[in-house]
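Enquirer: Position chain D relative to chain A; hints supplied.
The residues making up each chain are set out below.
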Amino acid sequence: MLHYILKRLLYFIPTLLIIYTVAFLMMRAAPGSPFAQEKDLPPEVLQARIEKYYADRPVYQYFRYAWDLATLRGMNSIRYPDRNVVRDILVPAFPVSLSLGICALSLALVVGTAAGVVSAARPRSLADYSAMAGALVGVSQPSFVIAALLLAVFSFWLRWLPVGGWGRPSQLILPALALAALPAAYIARLVRAGMLEVLSADYIRTARAKGLRERTVLLDHALRNAWLPVLGYLGPAAAAVFTGSFVVEKIFAIPGVGQHFVDSALHRDHPLILATVLLYAVLLVAFNLLVDVAYAWFDPRIRYD
Amino acid sequence: MTDPSRGNAGAAPGPAGLVRPALSPTRLALRRFRRNRLALAGLVVLVAIVAAAIGGFVQDRLAAWRGEPEPYRTSLPGIHPQPPSLVPFRPFGTDPLGRDMLARTLVGGCVSLGVGLAAAVVSVLVGTVWGLVAGYVGRGVDTVMMRVVDVLYGLPYILLVILLLVLFTQQYAWVRVTALFLAIGGVSWLTMARVVRGQVLALREAEFIQAARAMGTRTGRIIFREMMPNLAGTILVCATLTVPMAILQESFLSFLGLGVPPPLASWGTLASDAMGALNPVQAYWWLMVFPCAFLGATLLGLNFVGDGLRDAFDPRAR
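So the sequences go chain by chain: A and D.
Numbering of the first sequence is given in the numbering used here, commencing with residue 22 and proceeding in unit increments.
Numbering of the second sequence is given in the numbering used here, commencing with residue 2 and proceeding in unit increments.
To be clear, the hints were calculated from the coordinates, so they are not data collected in a lab.
Idealized CB from N, CA, C, for every residue including glycine.
Wrong hints could be hidden among the right ones.
Away from chain D, derived, C-beta distances all over 10 angstroms, residues of chain A [stated by the list, open to error]:
no. : residue
1   : K60
2   : Q68
3   : I71
4   : D103
5   : S120
6   : R143
7   : L252
8   : D313
Each pair of labels, with its calculated beta carbon distance range [as the list claims (entries may be wrong)]:
no. : chain 1 : residue 1 : chain 2 : residue 2 : range
9   : A       : L170      : D       : V152      : 28 to 38 angstroms
10  : D       : A294      : A       : S191      : 29 to 39 angstroms
11  : A       : D61       : D       : P263      : 20 to 30 angstroms
Excised from the complex, chain A in its bound form (with noise of 0.2 angstroms):
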């Protein structure tokens, strides 16, 4: 096991300097100039922007913002030239974006495993149907419109909670369900899909035949195989999740990291652009391995040797 996770690890930096190189050259390659201002700068001014940021150098500005992104020491944003795009956005961005990404993904998790254990357990019951339109309503409308929907209940009519902001608990509620609809949606519908699949299974009849409670049967017996295939989700799914969303930051007025994938692609910001696609692309990795450690954990058989 410690071999296999040195393994994966060794991997790590040849994939994220894979990852780096090809949003690199997307980068350069997308019409539009950085920039590019509604007015125009002095000619020697925009040179010595240019200059500033290497941009004139491609090679040298590929090795030179990879290394400064590596030892975490940052370049300038082109959008805010005073403000160090890991010191001064990402650094402070990222934790909002964290703390609510962990309550959402949690939140996700109990009520989608809920749900599908629900369901599940009494397929084609009332039980059953209600769960999974439910789960379908999350799959099947825009966030912003879930988010607008929140808002207009909770804040408008029933004024129970802020319309937005971030610093206070009772901020995070909406936010965090808005953000928890879709994965909780997903998470419900492979949950039933593995639990029925292993309820038919010979050990589950051995279970029942042993006289064990239902409840022991469903939680221990079945749902820690029946859970597998969420195991497999929450690896790119959690990497999306704390990364922020773009939509419940600008609808809740939260400082999060979400809206700088956005805007940095949008204003063709380099220097920012490369910075929230390592943080992702070291996430998804992050997570992807630890979502293959766990399996292991979770299933004995299987082994990485």
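Expert: Below, chain D without anything else, positioned relative to chain A:
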């Protein structure tokens, strides 16, 4: 798997020497699909929405052709937005610019459905070929092709879409719409490639493929005559589930202001415009409710059909 009632063994002889009529796996799957009432209901809703959207589009084009004002881009006289009313016949109300919301919802539906269809077509064409080649050729080719997919997965998808979109920043509306179709299609084939490759890897080692190879069958024939019938179900299911994802992505891009250019509309732009009109004082609910209802019904229908197809084509199905 000795139970003949499972029925997926085709012409498997039953225990008493009874021979069931040979039915192809596809026929059996379609038969199972027809028994799934939820999936059939989804299909009916879907067909109705597509027909309504096309009908709205045709009516609009007809009006333009006859030289009459096109309902979806013409401002009506009076103070707007107006709530839904039957007399005059504006069941979905009007938007702040006085345009009929029914016409906009239906014509916008064509754009949303078109995005979904384009994504499905791209993912079938590109994703299937990619997965087939990677899985069938194997070895180094497989590794390289699948690493490409992994790397594209490793990039934030929004970056891919935005960079693909800005390749076409011309003013012509149809160029922008095509760019939107291509951009969403361009990120939607990855899942298909992975799924198809997995299937091909399993099929390649199957005995009937090895037998075909041993008999000297040409590669093209093996792929198209032996493998394709076994892949069709997987591809169909994956394509059906690609459509709702693409429609949601289009609505997300509309929220960013990267959707179809005005005065064109899609369900996504209509819903995100309605977001702007949402405030605690005055609720213009009809601006939000109707496009979202159409969007939701379409996605629900597609999901039901996709799930139904998956169950129908699942070899373990009972």
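Enquirer: State for each hint whether it applies.
Expert: Results for each hint:
1. K60: holds, 20 angstroms
2. Q68: Q68 of chain A clear of chain D: closest Cβ-Cβ about 24 angstroms, beyond 10 angstroms.
3. I71: The claim holds: I71 of chain A sits with its nearest Cβ about 20 angstroms from chain D, beyond 10 angstroms.
4. D103: holds, 24 angstroms
5. S120: holds, 20 angstroms
6. R143: holds, 17 angstroms
7. L252: The assertion about L252 of chain A holds, with a minimum of 17 angstroms to chain D.
8. D313: About 14 angstroms separates D313 of chain A from the closest Cβ of chain D, which puts it past 10 angstroms; holds.
9. A:L170 - D:V152: 28 to 38 angstroms: holds, 37 angstroms
10. D:A294 - A:S191: 29 to 39 angstroms: Check passed, 31 angstroms falls within 29 to 39 angstroms.
11. A:D61 - D:P263: 20 to 30 angstroms: With Cβ atoms ~28 angstroms apart, the hint holds.
The structure shown violates none of the earlier numbered hints.
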